[in-house]
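Enquirer: Residue numbers (the working numbering), protein chains in the order written: chain A, 1 to 292; chain B, 1 to 370.
These are computed hints drawn from the structure, not numbers from a lab. The reader is advised that the hints may include incorrect statements.
Partial chain A-side listing against chain B, Cβ under 10 Å, derived [as the list claims (entries may be wrong)]:
id, residue
1, W29
2, V82
3, L103
4, G114
5, S256
6, L269
Rough simulated footprint, nothing fancy, chain B against chain A, three-plus residues with beta-carbon under 8 Å [as the list claims (entries may be wrong)]:
id, region
7, 11-17
8, 172-185
Just so it is clear, the structure is predicted and the values come from calculations on it, not from any experiment. Even for Gly, the Cβ is constructed at its ideal location relative to N, Cα and C.
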Amino acid sequence: MDRFVFLTVDGLSRGAVYAAFALALVLIWRAARVVNFAQGAMAVAAAYVAYTVSTATGSYWLGFVVAIVAGLLLGALVDRVVMRHVDHASPLNPVIVALGLVLLIQAVLGMVYGSEFRPAEAPFSRSALTVGGVAVLSPYDLFVFATIGVVVSGLAWMFARTPVGLRMRAAAFAPEVSRLLGVNVGGMLTLGWALASGVGALAAMLVLPTELGLHPHAMDLVFVSAFTAAVVGGLDSPPGAVVGGLAVGLLLSYVSGYAGSDLTPLAVLVLLLAVLLVRPGGLFAPVAARRV
Amino acid sequence: MSATRAALPPKEQLDDPGGRPVDRRRGSTLLRHLAVVLAAGLLLVAVSYSVEPFRNFQLATVAAYLCATAGLTVLTGLNGQLSLGHGALMATGAYTVALCQTAFADRGMTGGWLLPLSLGAAIVSTVAVGAVVGVAAARLRGPYLAGVTLAVAVVVPALAVTFDGVFNGEQGLSVPVEPPPLSLGPYFPYERWQLWVTGAATLLALLLLANLIRSRYGRTFRAVRDDEVAARLAGIHVARTQVLAFVVSAATAGLGGALLAVLAQSVSPGAFSLTLSLFLLMAVVIGGLGRLTGALWGAVLLVALPDLTHSVTEMLTLSPAVAQRLEGNLPLAIFGLTLIVVMIAAPGGVQGLLSRLGRSLLARRPTRRS
Numbered sequence: 001m002d003r004f005v006f007l008t009v010d011g012l013s014r015g016a017v018y019a020a021f022a023l024a025l026v027l028i029w030r031a032a033r034v035v036n037f038a039q040g041a042m043a044v045a046a047a048y049v050a051y052t053v054s055t056a057t058g059s060y061w062l063g064f065v066v067a068i069v070a071g072l073l074l075g076a077l078v079d080r081v082v083m084r085h086v087d088h089a090s091p092l093n094p095v096i097v098a099l100g101l102v103l104l105i106q107a108v109l110g111m112v113y114g115s116e117f118r119p120a121e122a123p124f125s126r127s128a129l130t131v132g133g134v135a136v137l138s139p140y141d142l143f144v145f146a147t148i149g150v151v152v153s154g155l156a157w158m159f160a161r162t163p164v165g166l167r168m169r170a171a172a173f174a175p176e177v178s179r180l181l182g183v184n185v186g187g188m189l190t191l192g193w194a195l196a197s198g199v200g201a202l203a204a205m206l207v208l209p210t211e212l213g214l215h216p217h218a219m220d221l222v223f224v225s226a227f228t229a230a231v232v233g234g235l236d237s238p239p240g241a242v243v244g245g246l247a248v249g250l251l252l253s254y255v256s257g258y259a260g261s262d263l264t265p266l267a268v269l270v271l272l273l274a275v276l277l278v279r280p281g282g283l284f285a286p287v288a289a290r291r292v
Numbered sequence: 001m002s003a004t005r006a007a008l009p010p011k012e013q014l015d016d017p018g019g020r021p022v023d024r025r026r027g028s029t030l031l032r033h034l035a036v037v038l039a040a041g042l043l044l045v046a047v048s049y050s051v052e053p054f055r056n057f058q059l060a061t062v063a064a065y066l067c068a069t070a071g072l073t074v075l076t077g078l079n080g081q082l083s084l085g086h087g088a089l090m091a092t093g094a095y096t097v098a099l100c101q102t103a104f105a106d107r108g109m110t111g112g113w114l115l116p117l118s119l120g121a122a123i124v125s126t127v128a129v130g131a132v133v134g135v136a137a138a139r140l141r142g143p144y145l146a147g148v149t150l151a152v153a154v155v156v157p158a159l160a161v162t163f164d165g166v167f168n169g170e171q172g173l174s175v176p177v178e179p180p181p182l183s184l185g186p187y188f189p190y191e192r193w194q195l196w197v198t199g200a201a202t203l204l205a206l207l208l209l210a211n212l213i214r215s216r217y218g219r220t221f222r223a224v225r226d227d228e229v230a231a232r233l234a235g236i237h238v239a240r241t242q243v244l245a246f247v248v249s250a251a252t253a254g255l256g257g258a259l260l261a262v263l264a265q266s267v268s269p270g271a272f273s274l275t276l277s278l279f280l281l282m283a284v285v286i287g288g289l290g291r292l293t294g295a296l297w298g299a300v301l302l303v304a305l306p307d308l309t310h311s312v313t314e315m316l317t318l319s320p321a322v323a324q325r326l327e328g329n330l331p332l333a334i335f336g337l338t339l340i341v342v343m344i345a346a347p348g349g350v351q352g353l354l355s356r357l358g359r360s361l362l363a364r365r366p367t368r369r370s
C-alpha cells in the first residue's frame, strides 16, 4: 500500500510535467496545425541556457526565469525564421522541417556543451515527507504541482477571459475572417509558438532534475510520452492534454514500479498504438465523420 | 505537381490496357531495368579493382544505406506515408542477421549459401515487424503516423537493453562472417568482397523496386498518395495498398540493416538510434522524394558528409576536445540545416534540381519520355 501511494504521487508529479509538455504541443497544433516535433530539442536548448546562467551566477531562480524567457524567444524565432516559410500544402512538410530542427539544435548543443550528462539541480529537496509513517510528497513534487497548476490555470484564463486570448482563438479558428476584422493573425501565430515553447522550456526545467540530467537527447523519451499524452487526450483539446498527461504519468510510474523501469518505453508505445487504433481522435474528441 | 498529374493518365492508358506495355519502342520494362542493373554491376566491379580498400568499404556502406533509403523513398515519396521508424526496422534486420550467423557459426556450419540465407531471414523478420507497424500505420495520417513511427524508433533500440539475455544489451552482438571464397584467390582483399556482396544484394533489391514502381502496384501507390478518395472510387483498396507499401519498404530497410551489420561485423543499439531514422528521412528528402536516383544521392551524402567534415576538422588545428565535439556533431548540424533549407527552397531535392537543369538544357529538343 505504501508503495502504491508513493508510485501514485510520483506518477502524478511526472504526469503534471507531461501534461504541461502535451499542452505546449496542443497549443501549436490548434494555432498552426503543426505537431512540433522539435519541441523537446527546443526545450533542452532553453534548459542549457538556464544551466549556463545558473553556473555563472550561482542562482537557480535566475536560471529558471532565463529558461522561460529563452523558450519564449526560441519559439518566436522558430516561427518567424523557419516555420512561416514552409509550404503547408502537404502535412509532411512541417514535420520534416521540425525534424531538421531537431538534428540542428541537438548538434549545436553537442558542439557547444559536449555530449556528457550535466547535473540538473533541484531547487527543493526531493526526499519525501512522511505523513503518518507513509512517505508521500517531496517538497519538489509540491513545487512541480504548484508551478504546473499556475501555468495551466493562467493559460486557461488567458484564452477564455482576455482580449489577446480571444484574438488567438479567432486567428486559429478562422484566419481569413479574423484578418478582415483587424486581428494580426501572423502575430497571434508567433505568440502561440512563443507561449508553447515557453511552457515546453518550463516543463523541461521541471523534469530534468528527476532524470539523469542535462543532455542534448534528454527530452527524446519525454517528448514521446508527452506526444502520447496529447494523443490520448486528443490533439485538439487542452483539458484532454492535461488529463492525458496525468494518465500517462501514472501508467509509467506503475509500470516502472511494478514491472521494471526498462519496460516504460514499451508501455508508452503500446498505449500510443492502442489509443490510436481504438480511438484515433483521442478520448476527448468529438465524433468525426469518416473520411474515406 | 498538377502538370505531372495531368500528364500521367494518357500515357497510362497507352501503356497499360492489360497489364503489359504496348509501346513497342520502349520494349520490356524488366529488360530495360535489367540492362541498367547489369551495367551498374559491371561498373561496380571495375571500380572495386581500381580504388583502395577503404573506398571499397565506403562504397559498400553507400550500397547498404541505399537499400534503406530506396525503400523509404517508395514509402514516403510514392505512397505519401512518413516513417521515422526505419532505423528500428534496420535494427530488426541487423539483429536477425547477427543471431542467424552466430547460430550457424556455433554449429560449425560453413558454406557460401549461409549468408544469403541469413539475409533472407533478416528480410522475413523485418517483413513481419513491418506488417504489424504497417497495419497500424494504414489507419493513421500525417502527424499521428509520424508520432507512432517516432515512438517505434525510440523504443525498439531500448528493447535490446530490456531483453539483454538475447541481444546482449548495449554491448550488442558480433556478426561472424566468412572470408571470401578461395576460388577468388588467396590474397583477395576483404573489402572488395564486402563491396561485391552488398552491391549485388542492393542492385537486386533496386531492380525489384524499380519494376514495382513501374507496375500496377506502383501506380496504385501513387494514386493513394495523391487522393485517397479518388483512389477508393477507382476500386483501389487504400488500406491494403498502404500496408503493402509499408511491408515492401520494411523489407528493403531490413536488408539494408542486415548488410550494415555484415559490413561492421557487429550490431549494437547505439548504431540504430533515432538519429539514424532521421538521417534516412533526411537523405531521401535531400536526394529528392519519390525518385530512386534521389535515394542514391541521399545514400552517398550519408557516407560522404561525415567523411568530409572529418577531413575538414583534421585540417583545422583544434584542441582534441573541441575536434571530438565538432566531429560528432558538425555533420548532424549540416544535415539538419540542409534539410530545412531544402524543404523551404527546393522541395524536389538534388534530383529535382538536376532534372530541372536537364530539362532546361534539353528544352529545345523534343523529349523522348513524358
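Enquirer: Looking back at the hints listed earlier, which ones does the structure fail to meet?
Expert: Violated: hints 5, 7, 8.
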